[in-house]
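2 protein chains.
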Amino acid sequence: MRRLPEQEASSRLEKLQQIIASMGADACVVTSPVNQYYLQGFLFDGYCYIRPEGDPILFIKRPSNITGDRVWPIRKPEQIPTLLLEAGLTPPQRVLIEADQLTYSSATRLQAALGMPETGNISGELRKIRMIKSAYELEQMRESARVHAKVYELIPSLYRAGMTDVELQIEIERQMRLHGSVGIFRAFGENMDIFMGSMLAGDNAQAPSPFDYALGGAGISPLLPLGANGTLLTPGTTLMVDMAGNYRPYMDDMTRSFAIEHAPDLAYKAHQVSIDIHKAIVESFHVGTACASLYNMAEEMAKENELAPYFMGTVQQAKFIGHGVGLEINEPPVLSPRSKETLEPGMAFALEPKFVLPGIGAVGIENTYIVHDDRLENIILCEESLICL
Amino acid sequence: MRRLPEQEASSRLEKLQQIIASMGADACVVTSPVNQYYLQGFLFDGYCYIRPEGDPILFIKRPSNITGDRVWPIRKPEQIPTLLLEAGLTPPQRVLIEADQLTYSSATRLQAALGMPETGNISGELRKIRMIKSAYELEQMRESARVHAKVYELIPSLYRAGMTDVELQIEIERQMRLHGSVGIFRAFGENMDIFMGSMLAGDNAQAPSPFDYALGGAGISPLLPLGANGTLLTPGTTLMVDMAGNYRPYMDDMTRSFAIEHAPDLAYKAHQVSIDIHKAIVESFHVGTACASLYNMAEEMAKENELAPYFMGTVQQAKFIGHGVGLEINEPPVLSPRSKETLEPGMAFALEPKFVLPGIGAVGIENTYIVHDDRLENIILCEESLICL
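For the protein sequence lines, the chains are A and B, in the order given.
Numbered per my numbering, the first sequence spans residues 1 to 389.
Numbered per my numbering, the second sequence spans residues 1 to 389.
The hints are simulated quantities; they were obtained by calculation from the structure and are not laboratory data.
Possibly wrong hints are sitting among the right ones.
Which copy is meant is left open, because identical chains are indistinguishable; a pair holds if it fits in one copy or across any two.
To be verified - In silico SDA-like cross-links for lysine to any residue, where the CA-CA straight-line distance does not exceed 20 angstroms:
#1 K303 <-> G162
#2 K61 <-> G189
#3 K279 <-> I370
#4 K128 <-> G24
#5 K15 <-> P332
#6 K269 <-> A280
#7 K76 <-> G189
Just need the whole structure built from these sequences, with the hints factored in.
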């Protein structure tokens, strides 16, 4: 069983235990895959039971091959109180659960199994802890970004005239997998269905979707109305590639845009404004910058360049230009007009000012930045211009 | 916006409305993608509000392009009671929610937004309704199975000596996508993470996983410990291919096994026992057969053939040999020793008696059957023998 480096595991646990104590709880139960991985370094079906002090107890249903003195095999949550009592521990009076991840049925069953303690929600606090990354975590994001760039550099060689968006996406997916992508990637929330990323060609970039991504696309199935829809890659239009950077447990995020043979001047102009927004945000950076002010700066630059109607969509416009990234693709902070967050050292965020041009397609770039004391580090080292296919 | 055929939509709605009435509720709120698709034929971010009589009301946050007189745009659930009152409708006193799908946070927010009505859980009842398929649904499953078989027939031509399980899987994934697979597939429950399916080579078939699938596999990432793990496809071992049959909204499920160049006699023997279990179950079928008795028959045949230690795993043995399939890969009924369900016309289920042989690998087949009045229809028309690569 792979484990986390000792220093990582203890530092993460300590931060969570401080929160548990400050929220006046006796225990916190972690059940979601991402947070189990964050705290333990592996996944299991069961309950990671964390007290304000001491080692976590792992109540594990499966797999059967995880062992250790902190591992207590169980079949069902109703066994937990008895096992605690047998070990001389009191079942909790106030317990924190992942209320944003657990289903209502699982949460109420767990609460009943524990003898109906008071409950609180730890989901948001765990997201806040995960928002500030360690050097170990950030290095994984740089590694992922390096592989991501290698895959994107192959795109011109994968393209052939007469392809559809879906056909090109399939060849990119194959290269992603050959370069170590695990396939799925993790997202927070109930409206984040996606396959391996999004490719938007021509006017499909205008199609609104039910999901909480920056842009939409009609997709190829009513069960996944998002992304590529079979649009022929047509000379004079653009293609936006926003495929996952999931080459390590910690991810990066990157978008690049392509002109099919050629594109109108407006596409080059809007693409340059996206690059200029990145530059302006990098240059104006200081620790404590309000995330809302970054959104406002980008929106202002879109307006000055008479691109407001195309900013972050047309039919449906996203009200954010960036988001934290890590084990999940959508972590805090969010770069939106109503965000109360500020940029702090150890954060990592994707910046994606994009334009959707009717009759042409989507343009703009997305990079992932690490926040340092004195600067933003762009970890995406990949051609930024509107690349001709 | 694609819609369901009128007859499908009205028949599904009617079944749900009978349940709502019989559960003494004023309304049912459907929010999960699969059940929204089942009732409406499309997905949206919002609330499908169903009363015991009359048309559903769609409270839609996004996308913005769904319109109609039953569509009421909203920003947040707190607007629902006012909108109901404005239309002369009383907010519900007792409401059914999808408690097995909604998060605890979303469920409690919705309950508060509706003025704290009593709540009940509709998840299980919707699964029971979906368990009995219409001719329209079953025909989609046959179509999916035909494409699935075409893709599996390509496997010998995709294999090259010296490949790993992951390398071959990537080529199969590419063919799946070229044949119309949407990529993701839908599953019920909180322990069903997977990418496009499972490939198990050699002793990796013994690795237990945290997830609720028949077999495990170590996987290539601690964030997805399941399936192929980079095992070299070695002569004398076997490869089990259980990739998704998601070529329509309604799915089929199929497993086939392969010998790498050659395999020991035990592999051929156990594979034949799996085929014999299929035959015995098909031949003994009558409407009303208890699902538990099918499990027992299979287990008995494994014992008679001295294969009990290898039946459905070694280190961790699954206690089921089949499951319903439809919009989700794991629908009722379940073919397990404790199942209370019986086979009824309109059901569709996957049957997967498998053996894991130490030092060799997994063998056996999985077919999908439709239950008719007088017979089981095998919709998987694809070579069943242990195929040599």
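Cross-check of the supplied hints:
For a Cα distance limit of 20 angstroms, the shortest separation of K303 from G162 qualifies neither inside one copy, at 36 angstroms, nor across copies, at 57 angstroms. Proximity of K61 to G189 under the C-alpha cut-off of 20 angstroms is restricted to the inter-copy arrangement: shortest distance 15 angstroms between copies versus 25 angstroms within a copy. Proximity of K279 to I370 under the C-alpha cut-off of 20 angstroms is restricted to the intra-copy arrangement: shortest distance 15 angstroms within a copy versus 60 angstroms between copies. In this assembly of identical chains, the alpha carbons of K128 and G24 lie at most 20 angstroms apart only when taken from the same copy (18 angstroms versus 42 angstroms across copies).
For a Cα distance limit of 20 angstroms, the shortest separation of K15 from P332 inside one copy, 17 angstroms, qualifies, whereas the shortest one across copies, 42 angstroms, does not. Within a single copy, K269 and A280 get their C-alpha atoms as close as 16 angstroms, which meets the 20 angstroms cut-off; across copies the closest is 69 angstroms, which misses it. In this assembly of identical chains, the alpha carbons of K76 and G189 lie at most 20 angstroms apart only when taken from different copies (15 angstroms versus 26 angstroms within one copy).
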